[in-house]
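Asker: Sequence:
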Amino acid sequence: MSSPRQPGPAQASPSATGLAPAAPVLLSAGGAEVSVLPGEGCRIGSLRIDGTELLRTESPAQYGYGSFPMVPWAGRVDHGRFRNGQVSHQLPVDPGAAPHAIHGTGVSAVWRPVREATSATSAAFYTDLADPWPYPGRVTQTFDLRPDSLTVTLAVETAAESFPAQVGWHPWFLRRLGGHGQPARLDFSPAWQEERGDDHLPTGRRTEPRPGPWDDCFGMPDGVDVTLTWPGALELRVTSGARWVVIYDEPEDALCVEPQSGPPNGLNTAPRLVTLIDPLEESTTWHWRRLQES
1 MSSPRQPGPA
11 QASPSATGLA
21 PAAPVLLSAG
31 GAEVSVLPGE
41 GCRIGSLRID
51 GTELLRTESP
61 AQYGYGSFPM
71 VPWAGRVDHG
81 RFRNGQVSHQ
91 LPVDPGAAPH
101 AIHGTGVSAV
111 WRPVREATSA
121 TSAAFYTDLA
131 DPWPYPGRVT
141 QTFDLRPDSL
151 TVTLAVETAA
161 ESFPAQVGWH
171 PWFLRRLGGH
181 GQPARLDFSP
191 AWQEERGDDH
201 LPTGRRTEPR
211 PGPWDDCFGM
221 PDGVDVTLTW
231 PGALELRVTS
241 GARWVVIYDE
251 PEDALCVEPQ
261 SGPPNGLNTA
271 PRLVTLIDPL
281 EESTTWHWRR
291 LQES
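Counting in this note's numbering, the sequence shown runs from 1 upward without gaps.
Keep in mind that the hints were calculated from the coordinates and are not lab data. Bear in mind the structure is a predicted one, so any value in this text is a computation, not a measurement. Virtual Cβ for every residue (Gly too), placed ideally from N, Cα, C. Don't take each hint at face value.
Cβ-Cβ distance ranges computed for the label pairs, FRET-style [unchecked claim]:
no., residue 1, residue 2, range
1, Gly85, Leu291, 34 to 40 Å
2, Asp187, Asp253, 41 to 47 Å
3, Arg289, Thr269, 35 to 41 Å
4, Asp253, Ser189, 22 to 28 Å
5, Gly223, Leu291, 22 to 28 Å
6, Arg289, Thr203, 17 to 23 Å
7, Gln86, Thr153, 31 to 37 Å
8, Thr269, Arg176, 18 to 24 Å
9, Pro99, Pro211, 25 to 31 Å
10, Ala124, Gly204, 35 to 41 Å
11, Asp187, Val114, 23 to 29 Å
12, Pro221, Asp187, 38 to 44 Å
13, Ala160, Arg290, 44 to 50 Å
14, Glu53, Glu208, 32 to 38 Å
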């Protein structure tokens, strides 16, 4: 359910506050350092713990590095088509995920700071929804760094008409820290696995979780809770109030743990309406602890 592609249409829109697009922002707390790249889809470009990088930081593919927000949908949309009530819409089909649209428009947008200054440990950015998304609205993403955790929050608001939406995050965690050592171990206990069809979309049937490798969506009705352990080095726990998580661990050098507010193709199968009085907001927290060599 993950796939690289060439960069899509940008979403930059005039700033309501007059602020220019933000340069990369570095947050630090204790031994943790986070680089946020507002000009590259407001992704986390780097996460270092005591100087050790946890994320894949480079890729020729727009979707292949850091940790980027998926908004206003997450994963694939069937042939790029979705409905809002009786109105049908067509999103651009992604060449790398044909015949589907994938991962939202936020990753193609230039985001702007919500306020002039950021603190050493927190920052907030926004982008206005625009073509090819058919509804006006605003997405805000905030980052809150502490010495042992990072919390990221996405909020989607409509400017007028209600519309279905999803949010999620797509991090690329390194399989081996520093390119050496033992590979990361992944532990989680999903309630079900979404059966994946030949078209890479959930069929609508839920099955018992199956062994990996995965490019699959899992249900966690009590909230996402997945732990990555680099033996003798670091443990990182990914949590979220979201009820779905996509695990993509097929690459040799990285693996992805993607909390999502709905399953792939959820605009069609599990629509969550954003209204003037009910915006969509979701958070994810990465909490880490250092491990001692045995």
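Asker: Look at each hint and say if it fits the structure.
Answerer: The hints, checked one at a time:
1. Distance hint for Gly85 and Leu291: a CB-CB separation of about 51 Å, inconsistent with the stated range 34 to 40 Å.
2. A beta carbon spacing of about 20 Å between Asp187 and Asp253 contradicts the range 41 to 47 Å that was offered as a hint.
3. For Arg289 and Thr269, the hinted distance range of 35 to 41 Å is satisfied, since their beta carbons lie about 37 Å from each other.
4. At roughly 26 Å, the beta carbons of Asp253 and Ser189 sit within the given window of 22 to 28 Å.
5. Between Gly223 and Leu291 the CB atoms are about 24 Å apart, so this pair conforms to the stated range of 22 to 28 Å.
6. For the pair Arg289 and Thr203, the beta carbons lie near 38 Å from each other, so the given range of 17 to 23 Å is not met.
7. With their beta carbons about 33 Å apart, Gln86 and Thr153 fall inside the hinted range of 31 to 37 Å.
8. Evaluation of the 18 to 24 Å hint for Thr269 and Arg176 yields a failure: the beta carbon distance comes to about 36 Å.
9. Remark: the range hint 25 to 31 Å for Pro99 to Pro211 is upheld by a beta-carbon distance near 29 Å.
10. Checked against the given bound of 35 to 41 Å, the beta carbons of Ala124 and Gly204, roughly 37 Å apart, stay inside it.
11. At roughly 36 Å, the beta carbons of Asp187 and Val114 sit outside the given window of 23 to 29 Å.
12. Separated by about 18 Å at the C-beta atoms, Pro221 and Asp187 break the suggested range of 38 to 44 Å.
13. For Ala160 and Arg290, the Cβ-Cβ distance of about 48 Å falls inside the hinted range of 44 to 50 Å, so the restraint holds.
14. For the pair Glu53 and Glu208, the beta carbons lie near 36 Å from each other, so the given range of 32 to 38 Å is met.
Checked against the numbered hints above, the structure breaks hints 1, 2, 6, 8, 11 and 12 and satisfies the rest.
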